[in-house]
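A.B. asks: Produce the complete structure using the sequences and hints provided.
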Amino acid sequence: MERVLEYPKDPIVTFSKEEELWRNMVREFCQKYIEPKWIEVDIEAEKDPMNIPVDLIKKMGQQGLFCIPCSEEYGGQGGTYTMATIATEEIAYADPSVALAVYALLNNGWPYALELFGSDEICQEILPEVAKGDAFFGIASTEPQGGSDVAGIRTTATKKGDVYVFNGEKAYISGVGEVQKLAWGGGWFLIARTGEAGHKGLSAFALLARKNGELNDGWNPTLYEDIGRHGLTTGGFILDNFELESKYLIGEEGKGFYHVMEGFNLARIVVAAATVGAARWLLEKAVEWFRNRKLFGRNISSFQGVSFKFAELYARWEAARYFVYRASRLADKIYMEKDPSLSPKDLNVPVALAKNYGPETCVDLAEEVMKWYGAYAYTKEAPIFRAWLGPFSYVIGAEGAQNIMKVIIARDIIGKEFIR
Amino acid sequence: MDIIVCVKQSYDVQQIKFDPKTGEPMLAGAPRKMSDMDRRALEEALRIREKVGGVVKTVSIGTPDSRDVVKEIYAMGADEAYILTDLKLEKADPDVTARLLSEMIKKIGNYDLILSGAASTDGYSWQVPAKVAAHLNLPFLPNAISINVNDAVMVDCDLGDAIYDYKAPLPCMVSVSLEINEPRIPTLSAILKASRKPFTEFHIKDFEVDLSPELEVISTAMPKVARKNFIVDASDASKLDEVRKIVDELRKENVI
Chain A
0 MERVLEYPKD PIVTFSKEEE LWRNMVREFC QKYIEPKWIE VDIEAEKDPM
50 NIPVDLIKKM GQQGLFCIPC SEEYGGQGGT YTMATIATEE IAYADPSVAL
100 AVYALLNNGW PYALELFGSD EICQEILPEV AKGDAFFGIA STEPQGGSDV
150 AGIRTTATKK GDVYVFNGEK AYISGVGEVQ KLAWGGGWFL IARTGEAGHK
200 GLSAFALLAR KNGELNDGWN PTLYEDIGRH GLTTGGFILD NFELESKYLI
250 GEEGKGFYHV MEGFNLARIV VAAATVGAAR WLLEKAVEWF RNRKLFGRNI
300 SSFQGVSFKF AELYARWEAA RYFVYRASRL ADKIYMEKDP SLSPKDLNVP
350 VALAKNYGPE TCVDLAEEVM KWYGAYAYTK EAPIFRAWLG PFSYVIGAEG
400 AQNIMKVIIA RDIIGKEFIR
Chain B
0 MDIIVCVKQS YDVQQIKFDP KTGEPMLAGA PRKMSDMDRR ALEEALRIRE
50 KVGGVVKTVS IGTPDSRDVV KEIYAMGADE AYILTDLKLE KADPDVTARL
100 LSEMIKKIGN YDLILSGAAS TDGYSWQVPA KVAAHLNLPF LPNAISINVN
150 DAVMVDCDLG DAIYDYKAPL PCMVSVSLEI NEPRIPTLSA ILKASRKPFT
200 EFHIKDFEVD LSPELEVIST AMPKVARKNF IVDASDASKL DEVRKIVDEL
250 RKENVI
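Residue numbers (numbering that gives the first Met the number 0), protein chains in the order written: chain A, 0 to 419; chain B, 0 to 255.
Keep in mind that the hints are not guaranteed to be accurate.
[Said to hold, decoys possible] With a Cα cut of at most 20 Å, we get these calculated PhoX-like pairs of lysine-lysine:
no. : chain 1 : residue 1 : chain 2 : residue 2
1   : B       : Lys227    : B       : Lys251
2   : A       : Lys158    : A       : Lys180
3   : B       : Lys192    : A       : Lys16
4   : B       : Lys130    : B       : Lys106
5   : A       : Lys180    : A       : Lys131
6   : B       : Lys16     : A       : Lys8
7   : B       : Lys196    : A       : Lys16
Derived by calculation from the structure, the hints in this document are not laboratory data.
C.D. replies: Put into structure tokens, the structure is as follows:
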């Protein structure tokens, strides 16, 4: 298919032949199955959040778009984190509301975090179902009192014999509808307090609200009505004496904070990739418009007030793309290649730069494109607003607030003791 | 069932840019992809293998950068890939291509069915499959939209005016059209495995084939279509009759 915008020829961020072929295959899948459907998905799920595109999710699973970096023994693709990043960027280009891209990125980042820290037994149980598109596996950290203060989490998990008993509430959680509707079910990489106050009292669990099609007792969900990215549900749930076998503890008790921070670093790379993909779609919409739209007898891009703004935003998009792929390459070196000169902390700043820069660039671009389109963009007939409202969730703070990204950058560059 | 599929790495014609001065396509560094109809031929071969068992082999020729097609061939599921690449083949015409492909097929031997796209995405000559069949002295069924194989091959061929049902003994050569199937899209896991799978390379010197083309290419420049710039002034209500001129003009051009 002819592309309005040529993908940058870049000698710094380069891709192998396998990665190029993978990108082309994902593009082909998206052109065939996602591009013709994404607006319909957005419209239908706006009417009712439970209008989840189950068939499309299943098809994406069959195409191997989930659990990309997970091992083949767990039903994954045995790919790299960069390959998950490429897929996310392309899915978001095809669905710039980013609903399907966010479904995909959650079900790449968090299953991989589970594989990094979880036991073989729970990976064998959960990951093949996620890979097939029959189960959802995301993150459940945020609570009604806020999301940024992870160390202040209040949900408790009390060990009683061979089970943990959970009490508390999680809020603004993706996938609350999906775990109820997908064939197998699913759950979350959930953080709860098992010990003292502060981050050292937190543990991570693979909490399955529903498995093998059976809903577990003590999980009481509610769904929210989002303003955008319809097709992926957001909701909350109350855990009321919810019991979970202790085998679902991820890693060691008391290490949950550290595990979830590494998981957030991984997930934020693909979050930023989704906004880079949606932004590429927006740039193309702008270029198409500039080449056809005439005012005062000239193309509107002949006014420098328009073309200079476009140039600035294009530069920001290229920078965002660079941040994203630098972070994903680093993740590959740390987690796949086990480069001894690197540690997971080396991802903090590169990831925070990508997560801080990608979503803001995408949303700023969407606003400008809407202005360039004029009144037409304010109608629901023009699809631009869908690429504005979806990515905006990541400016507000999903997967880490923008100010938290700045805290991470300042803390790691200036030094922890100098920013208190 | 041993099936050999002819697969070309063609230019992605939708992404080719043209020199604005000469109108010629700018092929240096232009994106490549497996030819659309060849991809369907490979898909059909894989489906036949899935039904009746057997082995799917592919033959390809082209310039050295055509080797990339092997990754996609294996990712789709072929068992063995054979390729001949040489810079001299940059301008190979349909006849040279067919001669080399048939020599490669003879060397590989053991085949029941040969499949190919009816035409390549870039060259689009529609000649290669028939020429390969002629060189191999095989029955040839063109433009298949469905294939059924048992001890013979039954093919629905779209010959433009109608769909013809043909039956041919094996071995035979069948070219397929775009309508025959929807090819599979390989998964990442298949792509990664494909990149580790060895393939066989042939060289021009392996064959006594005359590389002199029979076709003289005079130009591949994009045809210039000048706009007619037919302007009708209907700028106010008194000139509305002028609109009829647009209808007359469109009728003259057989547009309506």
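A.B. asks: Each hint: holds or not?
C.D. replies: Going down the list of hints, with the structure as the test:
no.: 1; hint: B:Lys227 <-> B:Lys251; in the structure: holds (13 Å)
no.: 2; hint: A:Lys158 <-> A:Lys180; in the structure: violated (30 Å)
no.: 3; hint: B:Lys192 <-> A:Lys16; in the structure: holds (13 Å)
no.: 4; hint: B:Lys130 <-> B:Lys106; in the structure: holds (17 Å)
no.: 5; hint: A:Lys180 <-> A:Lys131; in the structure: holds (14 Å)
no.: 6; hint: B:Lys16 <-> A:Lys8; in the structure: holds (15 Å)
no.: 7; hint: B:Lys196 <-> A:Lys16; in the structure: holds (14 Å)
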